[in-house]
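J.: Sequence:
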Amino acid sequence: MTGVHFLDARGPEGIRVYAIGDIHGHLDLLTEMHGRIAAEIERDKPSDWRIVHLGDLVDRGPDSRGVIEYLLAAMARDSRNIVLTGNHDTGFLDFLAKPDADGLFARHGGQETARSYGVGLNMSDASGLRQSHVQLVTAVPDSHLRFLRALPYSASFGDFFFCHAGIRPGIPLDQQDPQDLIWIRNQFLNHPGLHPKVVVHGHTPQAEPEVLANRVNIDTGVFYSGVLTALLIEGAEKRLFSVEKPGFSGRR
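No gaps in the numbering here: position 75 of the sequence shown is 75 in the UniProt record's numbering, and each next residue is one more.
What you were told as hints is all true, and nothing was included just to trick you.
Calculated cross-link-like contacts (lysine-lysine; reagent style DSBU-like; alpha-carbon spacing at most 30 Å):
hint : residue 1 : residue 2
1    : K238      : K45
2    : K245      : K45
3    : K45       : K197
4    : K197      : K238
No wet-lab data here; the hints were simulated from the structure.
Between the sequences and the hints, there should be enough to build the whole structure, so can you do that?
T.: Have a look at this one:
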């Protein structure tokens, strides 16, 4: 199977593409990043553009509700804003459908998401879990549910394939299992060969963005580092940049 090397990869003709890594409820950094991107677009006036958000909108950070509201409004203003789903986003839906005290949402940042909707999760016993689940289901607007349920698992532009976690090597891009696209790690991260396209992903936080021959990881662990990272692709140009939350001393 032939593949594309990062150094040779090109964006689609006439379209500037931005990819934004895992947001995890950090509305302040998302709005700052969008402001920076808007200023670049106004300054450079590319023929066309897209902004691809790589999923994990919710959990761990302080304002998951605000992130969803912001992206809903951004997509309504301009459909060139594209939002992909991540495992935390599907985990939120799973919990709303059936509460599980040992599931992803309950154990890995769902408390913060619930608080952004004005609900405190009580997981001390089955009764408390049921009660707080009912409160959360009531608090989450239908528009948020429709938004999360409709999120695609991947997008593709030029020589680049965008998804939350990665792909299963050797499987055609149009035949990837959705669960791999939001969950895969070792089989993808450790694969040395090229893929049909360069994969731009998040899901596995690193202190710095990873740029390899076959993939680019732009998850810089915003929930512990305070750093949200993006990748610009325009023709042969690729450029990484970040915004950082005040009060953080830097990446940890």
